[in-house]
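Protein chains: 2
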Amino acid sequence: MTSPNHPFLAACRREKTPYTPVWLMRQAGRYMQEYRKLRAEFSFLELCKRPDLAAEITVTPVKRLGVDAAILFADILLILEPMGVGLEYSKDDGPVIHNQVRSRTGVEQLVEFEPAEALSFVFEAVRKCRVALDGRVPLIGFAGAPFTLASYLIEGGGSRNYLRTKKMMYTDPGAWRALMERLAHALAKYLNAQIAAGAQAVQLFDSWVGCLAPDDYERYVLPYTRATIAAITPGVPVIHFSTGTAGLLRLLRAAGGDVIGVDWRVDLDAAWERLGYDVGIQGNLDPVALFASPKEIRRKVAEILKRAGGRPGHIFNLGHGVLPETPVENVIAMVEAVHELSAR
Amino acid sequence: MTSPNHPFLAACRREKTPYTPVWLMRQAGRYMQEYRKLRAEFSFLELCKRPDLAAEITVTPVKRLGVDAAILFADILLILEPMGVGLEYSKDDGPVIHNQVRSRTGVEQLVEFEPAEALSFVFEAVRKCRVALDGRVPLIGFAGAPFTLASYLIEGGGSRNYLRTKKMMYTDPGAWRALMERLAHALAKYLNAQIAAGAQAVQLFDSWVGCLAPDDYERYVLPYTRATIAAITPGVPVIHFSTGTAGLLRLLRAAGGDVIGVDWRVDLDAAWERLGYDVGIQGNLDPVALFASPKEIRRKVAEILKRAGGRPGHIFNLGHGVLPETPVENVIAMVEAVHELSAR
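Chains as they are written, first to last, in our numbering: chain A, 1 to 344; chain B, 1001 to 1344.
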């Protein structure tokens, strides 16, 4: 059993910790040789669906990097596959949704499903992770937030301007509402099943919501993110993460979460002040900073820790996922710097 | 002659105006049939280099839309061509730089040039625009800011993570400094030559600087943007524009500009408060909002005007350029809504 006083879990509750806990988004990923070896043999989706391998991938960086939390190896789009939209991960261009949702009819054609059955491989991976971690560090489960998932369903992949997504919001608010309600409902079930299987905290990724004006966020997104977070098993910390949202912080806070994850494009102290100190904060080193020298990385870590001011409730992380070309030794240097410089 | 009391110029000086002046970035562009017709016959670069056509393209939207300023038809990358880097506009993927700058040697190989000679077609277009506008509205000249131009030179085009740009900043600060100094120097000459030819205000586009952490902006960008702005002919208003910079506002303000252009991802009132009221503000409707109904567009215009609070120094604009698929009638509805709802 992981102790409930483990620094990561204590920081989620804004309790004092002996040092600032640290983990990295995509800490299990292509920048690691161990992972690239597995990917030479299996596709990304195959790895997600093999609980033994998913657990191995989840645990490896905990050993290699000395981070304070594990995050389940999975993907935010897995929940879309049982909806019947035709999910595929292409070699270079990222995820593709073949049957895009563009109308009310499209929303109604989405298959209703029971996460517990359709995504059983995820929960099996959670159980295997907990066994493999053996209480070493807590395990974080996760899912995409309603807006980010809706944007993939509507655009069919990544997007520059989110033209179709916003068009649906503005011109077919009934379809938008139906889609967001359906996603919020499925997400709550999915996250709670991860928790039931052993996830000790969950992170909601609203990775692309930073494309919205604050008024649009408040009207078209906040109610559904709030509903998702409100339905999560009480007592389990929720990290509410997004990028490019320096202008949305108060609204993100209003939507919920015990910890708000921010990216590097805002100063951590300014962000925390705007969020309010009654919530934790996660972040916020630029992933590209890991391409600098270890000395410069250490300087940047110190700067962020200074901005956090030793206040309980800071979890150190990057502002987005580790990039594939990142040198592993620099990641290790970053983790060490966080631990050393924050030791109290 | 345009009156120096024209609403656009008065707003740049934060003087009271009878209504809020409005123009749109890329108001001369692909969403207009007149422009598409010309593009069927000429390449983008050909149009930029034909002062008669560039002037025609500049003036058309002033007549069609009823906006309060014209912006020269040109491109932020034109200044890079005489540096010998091999600039090309590909059909779909945007601009390409063939000889990318990746080192100190690369910086030193950039050709030194006299903007007055190498870019004479730009100044000729400015003169023709002034004649064609016949005092109807002021003419805005423009250029890319040092960071955004450096990112194109280094990455060779657009970029998702600006990995190479930031790597040069972090690991070869001497090369970075040499590049930024050279760009700042050329930009000041270029903008002053536009002003000498007749531009009545200038906008500096730091379109991609929102990818930076505030500390990196302050260290690696601010001094060069400040030098560029400080060297601009006194008395000519400077609009300092960027996107995704809700977390950088105070630093952008410190770099300079009479008016700070902000995008839609921050509330205009929150942005202006952070900038300080001793500077003007330009913005900030989401370009995608122009795909909503005229009624919804009007509601969004009213919301932005309310946030501006009737304070002198607000210039209405989009938060970035008009998108190619935008319905012209919605642009006209937006301009009318700004004029009607802000009439004092």
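The hints are simulated quantities; they were obtained by calculation from the structure and are not laboratory data.
This structure is a prediction, so every number in the text was calculated from the model and none was measured.
Just so it is clear, CB atoms sit at the ideal spot from N, CA and C, and this is done for glycine as well.
Take the hints with a grain of salt, since some may be wrong.
What the hints assert, rightly or not - A few chain A residues that face chain B, going by a derived Cβ cut-off under 8 Å, partial list only:
| # | residue |
| --- | --- |
| 1 | Lys166 |
| 2 | Ala246 |
| 3 | Glu296 |
To be verified - List of simulated lysine-lysine pairs, BS3-like, C-alpha gap at most 25 Å:
| # | chain 1 | residue 1 | chain 2 | residue 2 |
| --- | --- | --- | --- | --- |
| 4 | B | Lys1167 | B | Lys1049 |
| 5 | B | Lys1091 | A | Lys91 |
| 6 | B | Lys1295 | A | Lys167 |
| 7 | B | Lys1167 | A | Lys306 |
How the hints compare with the structure:
This hint holds: Lys166 of chain A has a C-beta 4 Å from the nearest C-beta of chain B, less than the 8 Å allowed. Taking 8 Å as the C-beta contact cut-off toward chain B, the hint placing Ala246 of chain A at the interface holds, the least distance being around 4 Å. Checking Glu296 of chain A against chain B by beta carbon gives a least distance of about 6 Å; that is within 8 Å, so the hint holds. Annotation: proposed proximity of Lys1167 of chain B to Lys1049 of chain B is violated, straight-line Cα distance about 34 Å (limit 25 Å).
In summary, the hint linking Lys1091 of chain B to Lys91 of chain A is supported, as the alpha carbons are separated by about 24 Å, within the 25 Å threshold. Restraint check: the Cα-Cα separation between Lys1295 of chain B and Lys167 of chain A comes to about 14 Å, which is no more than 25 Å; the hinted pair holds. Our distance criterion of 25 Å between C-alpha atoms is met by Lys1167 of chain B and Lys306 of chain A, whose separation comes to about 24 Å.
Consistency with the previously given hints fails for number 4 only.
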